[in-house]
Amino acid sequence: MTTGPTSHSRRPLVALFAGLLLPGLGQVYNGEPARGAALLLSMAMVLPSAAWLALRGPRALLAFVIGAGVLASLAIYIYSVKAAYRTASRLRDGFSPGPWNRSVVYFVLFVFGHLFVLNPLAGYAKGNLVETFKVPSASMVPTILPGERFFADKRVGHLGGIKVRRGAIAVFLYPNDRTMLFVKRIIGLPGDRIDIDGTQVKVNGIDIRGAEVHDLGDPSLNGWLGEHQAFRESGDGGGYTVLWRKDGKHEQLSTVVPNGHVFVLGDNRDTSHDSRHFGTLPIADVTAVARQVWFSADAHDGIRLRRIGRLLD
Amino acid sequence: MSVSTSCNTIQERIVVGEALDEASQIHVMACASCNRLVTEWLELDSQVAEGLDGGVTVPDGFAERVMAHLAPLPAAVSRFENLLGRRWVQVALTQVGLAVAIANVLRFVFASLVPGASLGGVR
Chain A
2 MTTGPTSHSR RPLVALFAGL LLPGLGQVYN GEPARGAALL LSMAMVLPSA AWLALRGPRA
62 LLAFVIGAGV LASLAIYIYS VKAAYRTASR LRDGFSPGPW NRSVVYFVLF VFGHLFVLNP
122 LAGYAKGNLV ETFKVPSASM VPTILPGERF FADKRVGHLG GIKVRRGAIA VFLYPNDRTM
182 LFVKRIIGLP GDRIDIDGTQ VKVNGIDIRG AEVHDLGDPS LNGWLGEHQA FRESGDGGGY
242 TVLWRKDGKH EQLSTVVPNG HVFVLGDNRD TSHDSRHFGT LPIADVTAVA RQVWFSADAH
302 DGIRLRRIGR LLD
Chain B
3 MSVSTSCNTI QERIVVGEAL DEASQIHVMA CASCNRLVTE WLELDSQVAE GLDGGVTVPD
63 GFAERVMAHL APLPAAVSRF ENLLGRRWVQ VALTQVGLAV AIANVLRFVF ASLVPGASLG
123 GVR
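As they're listed, the protein sequences go chains A and B. The first sequence begins at 2 in the working numbering and counts up by one. The second sequence begins at 3 in the working numbering and counts up by one.
Some hints could be false.
[Unchecked claim] Rough simulated footprint, nothing fancy, chain B against chain A, three-plus residues with beta-carbon under 8 Å:
hint, segment
1, 11-25
2, 71-80
3, 108-122
[Stated by the list, open to error] So the derived list for chain B, only partly shown, Cβ under 10 Å to chain A, looks like this:
hint, residue
4, Asn10
5, Thr96
6, Gly99
7, Leu100
8, Val107
9, Leu108
10, Leu115
11, Val116
No lab work stands behind these hints, which were simulated from the structure alone. Every residue, glycine too, gets a C-beta built ideally from N, C-alpha and C.
So here's chain A without its partners, still in its complex pose (with noise of 0.2 Å):
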């Protein structure tokens, strides 16, 4: 004669079920309460572990280390539904529960794990290790495309953390709006006297505009060059591409950049809406330093894969 399940014994299908509900929960419910807190501590830790190297890796890796990390983090949840579904159906009889084999321990776990474990870590990494911003506006091209999505340091500004330097390309808090965030290249730090003539800009009388480009490296980006003149700058951390519009009014401007305040542009000069007309911005406005394309893609162009992997300098 067949029988049922017996209130000591596991069925499968609810350690799966307790699986998918939280990583580790199903190996408590099959009598395995360390495992089950193995499970979900790595699951857990290894993003922000990786997002903890990749910023201290070579610059180049950032961005397959974090994809790496994601993807462990995935195997771990997947293994730990399956590993619980697999362990119960061994157990289908002869199982002794535990004192943690109860229905409000498994409640609270489950809230625990979510509220104090998955949230806070998933919080910590965004807030203060790597966070990804999406690009709609075509103000920093050619650096960076509409439908762009890169992962950006959020270091700047903690204790420890990175500093900002001329030629970096700053996520921060837009002085007039302070519920938005802009991208653009810091150009000026604390003292720095800016003067801009037409396409020529001077950081403390030193002339940062190079030579004139004349190829993009790609042929969707050298339609720009129709319209816009290109020209290479240099910041602190080596040279990168500007554009300028051929039949722009391009004013002029002299200022110095108060102290605790740095003075940014867009890339693409005549689209870009930056310290030239809203002013100097505090350091403290700026939130994060971008690092890496992960994903580019458009309506027109599709996934634009030759971008995947870029680095933001």
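Starting from the structure of chain A, add chain B where the hints point.
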């Protein structure tokens, strides 16, 4: 059947109030033990009947003490509890809970890839 066994059987039937057949009645007339039991039983029956005729006085607080020993009646089930008790509501709540939990886990997994903000847009 032995005599003692017969007495036991008949006395049990008398106590539980069963009617005696003719042979048993003859045995009772002849058996001193059974006859004495019948006599005592009839006297007790008569005393109980007299007590009931004279009225029975119930001690003060008797009803309360009896009620206190009875299990309390189940409280009236509220509409909300009634709703929660329905199978389809339980299934629906379970599915919603599962979907929310999976979404939160996946949100955690993909938090580093999904943009928190579109630059130039509302945070």
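Q. Can you name, in rising order, the numbers of the hints this structure does not satisfy?
A. Hint 4 alone not satisfied by this model.
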